[in-house]
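Protein chains in written order, with full-length UniProt numbering: chain C, 1 to 310; chain E, 1 to 293.
Some clues are possibly wrong.
[Stated by the list, open to error] With a straight-line cut-off of 20 angstroms between C-alpha atoms, the simulated DMTMM-like cross-links for lysine to aspartate or glutamate are:
| no. | chain 1 | residue 1 | chain 2 | residue 2 |
| --- | --- | --- | --- | --- |
| 1 | C | Lys7 | E | Asp132 |
| 2 | C | Lys95 | C | Asp84 |
| 3 | C | Lys7 | E | Glu66 |
Source of the hints: derived by calculation from the structure; they are not laboratory data.
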Amino acid sequence: MIWLLTKTLRAITTLWLVVTFVFFVLRLSGDPTLVLLPDDIDEATRDFYRQLWGLDRPIMVQYWSYLGALLQGDFGISFRNNLDAFQLVWDRVPKTALLTGTALLISLAIGIPLGIIAALYRDSWIDRVVMAVSVFGFSMPNFFLGILLILVFSLNLRVLPSSGSGTWAHLIMPAATLGISFAAQFARYTRSSMIDVLNKSYMRTARSKGAGPLRRVNLHALPNAAIPVVTILGFKVGELLGGAVITETVFAWPGIGRLLTSSVAARDLAVVQCIMILLAFTMVVANMLTDLAYGWLDPRVRVGAKAGAR
Amino acid sequence: MTATSLVHGRRFSLIRRLSNTPVTVLLAGGFMALMLFVMVFAQVVQPYAFDHIDLLNRMAPPVPLEGSTWIHPAGTDTLGRDLFSRLLVGTQTSMLLALLGTCLGAVLGVALGFLAAHKGGIWDEGIMGLVDFQAAMPWFIIALAILAFLGNSMVIFIAIMALYGWETYARITRGLVLSAREQGYALAVRGLGARPSWIYLRHILPNIAGPLLVQLTVNFPSTILFETSLSFLGLGIRPPMTSLGQMLGEGRDYLINAWWLAVVPGLTIFFITLSMSILGDWLRGKLDPSLED
Numbered sequence: 001m002i003w004l005l006t007k008t009l010r011a012i013t014t015l016w017l018v019v020t021f022v023f024f025v026l027r028l029s030g031d032p033t034l035v036l037l038p039d040d041i042d043e044a045t046r047d048f049y050r051q052l053w054g055l056d057r058p059i060m061v062q063y064w065s066y067l068g069a070l071l072q073g074d075f076g077i078s079f080r081n082n083l084d085a086f087q088l089v090w091d092r093v094p095k096t097a098l099l100t101g102t103a104l105l106i107s108l109a110i111g112i113p114l115g116i117i118a119a120l121y122r123d124s125w126i127d128r129v130v131m132a133v134s135v136f137g138f139s140m141p142n143f144f145l146g147i148l149l150i151l152v153f154s155l156n157l158r159v160l161p162s163s164g165s166g167t168w169a170h171l172i173m174p175a176a177t178l179g180i181s182f183a184a185q186f187a188r189y190t191r192s193s194m195i196d197v198l199n200k201s202y203m204r205t206a207r208s209k210g211a212g213p214l215r216r217v218n219l220h221a222l223p224n225a226a227i228p229v230v231t232i233l234g235f236k237v238g239e240l241l242g243g244a245v246i247t248e249t250v251f252a253w254p255g256i257g258r259l260l261t262s263s264v265a266a267r268d269l270a271v272v273q274c275i276m277i278l279l280a281f282t283m284v285v286a287n288m289l290t291d292l293a294y295g296w297l298d299p300r301v302r303v304g305a306k307a308g309a310r
Numbered sequence: 001m002t003a004t005s006l007v008h009g010r011r012f013s014l015i016r017r018l019s020n021t022p023v024t025v026l027l028a029g030g031f032m033a034l035m036l037f038v039m040v041f042a043q044v045v046q047p048y049a050f051d052h053i054d055l056l057n058r059m060a061p062p063v064p065l066e067g068s069t070w071i072h073p074a075g076t077d078t079l080g081r082d083l084f085s086r087l088l089v090g091t092q093t094s095m096l097l098a099l100l101g102t103c104l105g106a107v108l109g110v111a112l113g114f115l116a117a118h119k120g121g122i123w124d125e126g127i128m129g130l131v132d133f134q135a136a137m138p139w140f141i142i143a144l145a146i147l148a149f150l151g152n153s154m155v156i157f158i159a160i161m162a163l164y165g166w167e168t169y170a171r172i173t174r175g176l177v178l179s180a181r182e183q184g185y186a187l188a189v190r191g192l193g194a195r196p197s198w199i200y201l202r203h204i205l206p207n208i209a210g211p212l213l214v215q216l217t218v219n220f221p222s223t224i225l226f227e228t229s230l231s232f233l234g235l236g237i238r239p240p241m242t243s244l245g246q247m248l249g250e251g252r253d254y255l256i257n258a259w260w261l262a263v264v265p266g267l268t269i270f271f272i273t274l275s276m277s278i279l280g281d282w283l284r285g286k287l288d289p290s291l292e293d
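The shape of chain C in the complex, shown without the other chains:
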């Protein structure tokens, strides 16, 4: 219980630090009205907007009122179109969730079985092929992979749409672009984790008890090999979200990533901050869930944490 409380406190501190960091760094860029409003506008109108957006107040006052508003769920309004920033971002969440979720499923569905097979046939040609493919997979920059896919499947073969969303056909290339490098990484992690486990003495015990190969792999090796893989999964969420920004830009996928790149270009402060907080929140929650899953999967950690808490 104390363990959970410390974790939650740490997560909240991290979030607060991100909010603060982003707030001050983005305000170092100077007066947003200079960028957002036309050059030839008179000073009175400029002042009107400064007041409207609260930019005329001292920065610490702005900061505290921003934090206060955040706690009430108010993320401010978009400078571009006066819509509620949170609503604007929230409307894009399903698209990004669909993309990253599909990509994650693809990467796990390809990576984990390949890693298991490579570990079981360690040092055979199968292992070497899987490892070679995986090096290619995670060396490939996702923006380049996306462009190659567009070249082949949209421009040459003309079988898949190069941009937009709506149908399953639209989802295939972006999800593959985002998922493949993770599939390669998961294959590696699963392989090394499996090799570790297969060398453990309890595997020998299982064998001497007369457990068949399938039973040994499924019931004895896999649950233990899954522990490090789950941990890595949690740490990869940030990378996954960063990859989504690029993938969405390449394929004009209307999710949070594209909203971020367009808002950043337009200096839409409220929307940019809202996206950052939302993504940081996602990462922090993912890390916490990983910690919890870790404890649940591995009783040794739970006992250790309890002993440590006392």
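Using the hints, position chain E against chain C.
Only chain E this time, still in chain C's reference frame:
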């Protein structure tokens, strides 16, 4: 055995060692040597200035394709700028930035790792808290916003690159130092009355250099991807300068009639990350068998 045969044995051992090294590792090493050469000598090798505009020769295809000439072996871009020269300069920029970012991050992380291990207590807590904080931040996305808002500044860009990945070095160094400190040789030197800084620099650092070097090679590909991704989005390196990512981002708009504008820089990035990954894996197997996965 005579003295001469011993000398011969040593000379042949280098050749034997090279022939025992896998072909992929040799190829990767050769390619990275070429990239380092380009990084240093791009301006010497380039046939044209990378920003020389030649509007009469726009979008010439690279050599094996129809309509290409040896005047522009890799073709030209939309303004008729020589693609080969741009590729050299773009590679130079990307390599320099990645190298600088990796090294600065490593120095920062290693220094903080040493500090945490040496001081302990509140320093250790504070530094490890920073490490956790950095690991929990969506750094790529924050970097993107900082660059967009604070504009086109090389100093900021390099600082952002240096802050990418330092936390791994800090964590590794701290752990390594804590365990190395208690080993016989360190205790012995301490017993002789050496100052802590002397022990760390002269005795412990060389002993933990292996794993750190491995981390450097593992970190390099992701740093170069970090730079090229930001430049691809139009935020890192911006015109009139160029980098591999910036070239790729520019070429993306001409996929239909000049696909090579995007594919040539893209392949270069891919080969760099691929070569470094292969070298990193190999080095890890050589230097630090315990880390092998």
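Verification of the hints:
A C-alpha spacing of about 12 angstroms is found between Lys7(C) and Asp132(E), which places the hinted pair at or below 20 angstroms, so the restraint holds. Taking the CA atoms of Lys95(C) and Asp84(C), the gap is about 19 angstroms. The hint holds against a cut of 20 angstroms. The hinted pair formed by Lys7(C) and Glu66(E) fails the criterion: a straight-line CA distance of about 62 angstroms is larger than 20 angstroms.
Violation of the numbered hints given earlier is confined to hint 3; every other hint is satisfied by the structure.
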